[in-house]
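K.L.:
Read off the chains here:
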Amino acid sequence: MGYQLAANMRQSDRMGASKESIVREFSTFCVPQNCYGYRVPNWVSDRSLQRMLRPIVRENLSVNKDAWARYFLLRAQQHDPQFLDRFVETAPEVNDGIWTIHDQLVARREELQTTDFLREPATIAHRLLSAYLQPSCWYAAQHFYSTKIAPSNLSHEYSLEDCFQIAAENATQSTKILQNFQIGRKNTTIRTYAEKTLEKMLARIIQLNTMRNDSTWKLLRYLSQKELTAALQADGYTNSKMAQSCLIWRCFKEIYQTRQVQQNQLPPPTELQLQEMHDRYRQRCKPYGITTAISAESILPNLEAIAQAVRQYRSSDAVLDRLLQETHHTTDGLADLMRVEQVTQIGTIVAQSFAELPEVAQIMLNLWFGLELSHAEILRLLKPELKLEKQYQLSRQIKRYKKTLVLLLIQKLAAQNYEILQQDDSFIDALDEYLSHYCKNYFYTHLDTHLQQLQSHERLVLYLHHQQHWEQSKILERFNLTTIDLLPQVIRLNLSFQSHLKYWMKTLLKIDLSRCQSIDARLTSFVEIWLKESAILER
Amino acid sequence: MLSLDDLVTLYPDETWLELSSHDRTAVWQQVSSQNYSSLNARERAYQNLLCLQAVSRLLTEDFDLSQPPQVWVEEHELPSIWDVVNGSAIEINRRRLAIVPCDDTNFEELRVEQEWIDIPTWAAHYYLAVQINPQEGWLRVLGYATHQQMQRSHHDPLECTYSLDRQQLRKDLHALGLLKDWFPPPNLTIAPLPLLSDRTLEAWIKQLSQTTLYSPRLDMPFEQWAALISNSEWRRVLYEQRSQSAPKPACPKINLSQWAYAIFEPGWQALSEPTLALARGSHQRTKPITLGDHTVSLIVTREPTETVMTETLEEPPKLRPEVGILLEAKMIGADTPLCANLRLSVLFHDESGHNDTIEQQIPANSFRSAIQLPRLLGKPGEEFSVTLTLGEFSFTEAFVV
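Which chain is which? The protein sequence lines are D and Y, in order.
When the letters of the first sequence are read in order and numbered with the numbering used here, they come out as residues 1 to 539.
When the letters of the second sequence are read in order and numbered with the numbering used here, they come out as residues 1 to 401.
Calculated directly from the structure, the hints in this document are not laboratory data.
We put the beta carbon where it would ideally sit given N, CA and C, even for glycine.
There may be inaccurate statements among the hints.
Some chain Y residues close to chain D (C-beta under 7 Å, calculated; not the full set) [to be verified]:
{"#": "1", "residue": "Asp5"}
{"#": "2", "residue": "Val8"}
{"#": "3", "residue": "Asn106"}
{"#": "4", "residue": "Glu322"}
{"#": "5", "residue": "Ser369"}
Below, a list of computed lysine to aspartate or glutamate pairs in the EDC-like style, where the Cα atoms sit at most 16 Å apart [claimed, not checked]:
{"#": "6", "chain 1": "D", "residue 1": "Lys196", "chain 2": "Y", "residue 2": "Glu43"}
{"#": "7", "chain 1": "D", "residue 1": "Lys390", "chain 2": "Y", "residue 2": "Asp6"}
{"#": "8", "chain 1": "D", "residue 1": "Lys253", "chain 2": "Y", "residue 2": "Glu43"}
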């Protein structure tokens with residue numbers, strides 16, 4: 001049975017995704033579940049979304065799920081149907097699928113359900129996209145939790161569920177999350193883009209949470225001009241009121257003294273300072289074009305009002321826009337490097353240079369870029385060899401080894417493609433992505449070896465769970481296994497990969513894994529991400 | 001508040017540096033010994049010097065420089081710059097790198113004062129964005145921008161600044177370090193400054209010499225200000241006149257009453273291990289003091305305020321608050337014996353207002369690891385000073401109860 005289904009899926013991939021798989025992708029939600037101490041995602045279908053989507057999706061349409069997602073994104077962003085025509089013309093090669101979907105929907109516009117969708121496409125598309133981004137939320141949260149939270153003191157404050165909840169909450173505003181997604185680019189899928197964006201946002205949101213309790217005087221003294229302007233605009237300040245408030249704040253910043261005390265214990269300005277601020281304000285009114293006079297007594301309430309506006313701004317939806325702007329990332333760096341690779345064989349250069357590094361450097365870079373262990377974890381594992389004490393020191397050591405690689409790369413590239421370096425050095429940033437790819441493959445090769453030893457039905461279970469996000473009950477139904485719980489089986493298989501990896505690391509890399517307690521959790525996460533993204537399970 | 005470790009974990013790709021308590025204390029002592037026209041100017045100098053030293057170390061180590069980068073002006077000129085402008089510059093391989101500290105909680109943009117962009121002799125090839133939090137003891141380098149990028153960034157003519165969004169910064173410092181060897185430094189295109197007559201400059205200096213709590217950089221048209229400040233001699237005159245006419249800050253006293261509210265001066269840190277005194281509600285802080293080649297830890301314990309009944313011949317009995325103070329010195333490093341001849345002394349006023357001193361000295365051939373003075377009792381507002389002496393080296397700190 002397993003082989004037959006797998007064969008069908010290969011067929012469907014060539015043709016595009018099957019109708020049911022598309023319906024499932026856009027109507028399934030993730031419910032984190034605790035199973036024998038492991039947190040695993042349970043995929044649950046939303047029947048109302050399924051009912052809504054089934055009549056829209058046509059069988060045997062040769063487009064994949066990402067094309068559907070791109071189509072729904074356009075629909076959710078744009079109400080003007082002509083926009084779609086114009087857009088598809090601008091990037092025909094990448095967006096063939098969008099045009100196919102659009103074409104068949106317009107051809108069936110007489111059908112009731114299609115008419116309903118075409119009448120109100122934005123609302124429905126928005127809901128479908130939110131469901132589609134659920135795996136991105138889970139994997140972003142899981143990766144963020146295992147790499148950033150679990151190894152740090154923050155684990156006392158945030159659980160994996162908290163991280164998932166933050167990600168899922170933001171993903172409900174799917175069009176915002178995807179507002180900077182460049183639909184004309186083909187090297188990134190919507191899910192990959194959303195996952196990266198959500199993960200970067202998680203770090204900033206957690207940092208912003210720590211600022212919630214800032215005192216008024218700390219908030220004002222360490223506020224940036226840019227955030228002040230954004231907060232006052234969001235609060236509806238008129239231009240003249242904003243100019244006045246900005247000037248009051250500038251005078252405060254010039255005159256208020258921090259007195260070297262702890263930031264959260266800064267006292268209010270003294271009477272003398274308030275008077276000085278008022279004098280300075282009057283002095284600078286003219287260049288600012290302010291004609292309204294204010295009294296010295298009103299400086300303090302004005303400052304408090306500014307602090308209040310900033311607090312409101314920091315807890316409002318406007319912050320999401322700002323975070324998106326901050327976390328906006330292009331995905332063309334790797335593509336550019338790959339383009340360079342075609343003429344320079346960068347892969348060979350990196351591999352050769354990597355082999356020339358000291359052994360401890362190779363292990364360190366493999367643990368950092370490949371397994372994505374934290375600085376703290378690498379320190380614990382390699383402390384005797386590295387002789388470093390602090391995380392920031394390890395961070396710099398990694399950068400130094402990376403520099404050695406970059407140097408070799410530049411020498412080679414300069415000989416072959418000098419004009420690339422002359423134009424822009426930003427491609428060097430893409431080396432991180434390349435190293436990550438290279439070092440992950442180092443571990444993936446060994447996982448692939450173990451994968452070959454699994455039985456075909458076991459591979460299929462993993463495929464349906466990790467890559468197709470089938471509901472547990474449906475997988476059991478498919479295998480006619482109604483009485484057995486599926487999740488323990490998934491966990492058992494994950495653990496077998498993990499054991500294989502651990503044995504290999506202990507024996508070949510000679511790493512004493514007992515030095516780091518969190519290594520099991522990290523390997524679980526690593527294996528899970530490999531199963532989701534890279535493992536070839538459907539043979 | 002996130003710790004440095006938490007921040008490194010959250011943002012592992014950025015360059016973080018620890019500002020040790022020892023470094024912070026040494027830098028604070030250095031800027032405290034210099035003249036500045038206001039406390040804010042001194043604070044600016046403190047942050048800039050911390051950044052300058054930390055970034056120089058970072059670049060020396062990470063760029064494999066055979067010697068530390070050259071500071072762009074003579075070091076004795078730095079106070080005259082920091083008295084009025086934020087930032088400093090260093091030079092590596094014919095390239096000038098401006099270091100621009102910022103203590104905003106949310107670093108959102110690199111904001112550079114116009115002097116560093118539009119004064120031909122000040123302009124740098126690169127601008128390094130540094131976020132600093134001296135209280136928490138860390139600094140992070142967020143990236144850098146070129147002069148051309150800054151020239152094209154947002155110009156605020158009212159504040160005389162250029163600002164570039166954080167997303168526009170180039171992040172990989174190593175790219176900067178590596179490319180320096182491959183390409184000649186880019187040419188900087190900057191309009192020349194107007195030439196001002198000595199008479200005009202004198203008139204401006206006279207006007208700007210009035211001491212203010214803020215920098216006078218916005219109080220004259222930028223081009224003229226730039227012409228004045230770019231001339232080291234006129235800048236020196238302005239600095240001297242402003243800092244000399246400023247009321248000299250009294251030697252800052254450590255206010256022990258603020259310790260009760262957990263407000264501690266920089267350099268005074270918590271003890272690494274809890275003590276019985278803390279459990280009893282006392283506040284205990286330590287500060288590393290460098291005396292020649294040795295570093296000694298001065299430990300001050302402020303006991304909780306007690307209310308006691310006092311009675312003198314002149315006055316009827318009344319209740320008054322009293323605070324117990326313990327003073328101790330230890331070598332840094334557990335169980336390390338103190339240096340012979342180390343002396344710990346305290347100078348205070350007795351009941352009749354006369355100076356009195358108590359002191360303890362480590363005798364030669366002694367292996368004591370700590371030295372402690374008898375418990376002092378003081379009234380709120382009373383002042384005393386503590387001195388540590390080792391041979392020709394001496395350190396004094398003033399306190400107010």
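K.L.:
Against each hint, give a clear statement of whether it holds in the structure.
P.N.:
Results for each hint:
1. Asp5: At about 5 Å, which falls below the 7 Å cut-off, the nearest Cβ of chain D leaves the hint on Asp5 (chain Y) intact, so it holds.
2. Val8: Hint on Val8 (chain Y): holds, closest Cβ of chain D at ~5 Å, below 7 Å.
3. Asn106: At 6 Å from the nearest chain D Cβ, Asn106 (chain Y) passes the 7 Å test, so the hint holds.
4. Glu322: 25 Å, violated
5. Ser369: With a closest approach of 24 Å, the Ser369 (chain Y) hint is violated.
6. D:Lys196 to Y:Glu43: Violated - the C-alpha atoms of Glu43 (chain Y) and Lys196 (chain D) are around 39 Å apart, more than 16 Å.
7. D:Lys390 to Y:Asp6: Holds, because 12 Å separates the two Cα atoms, which is no more than 16 Å.
8. D:Lys253 to Y:Glu43: Holds, at about 13 Å.
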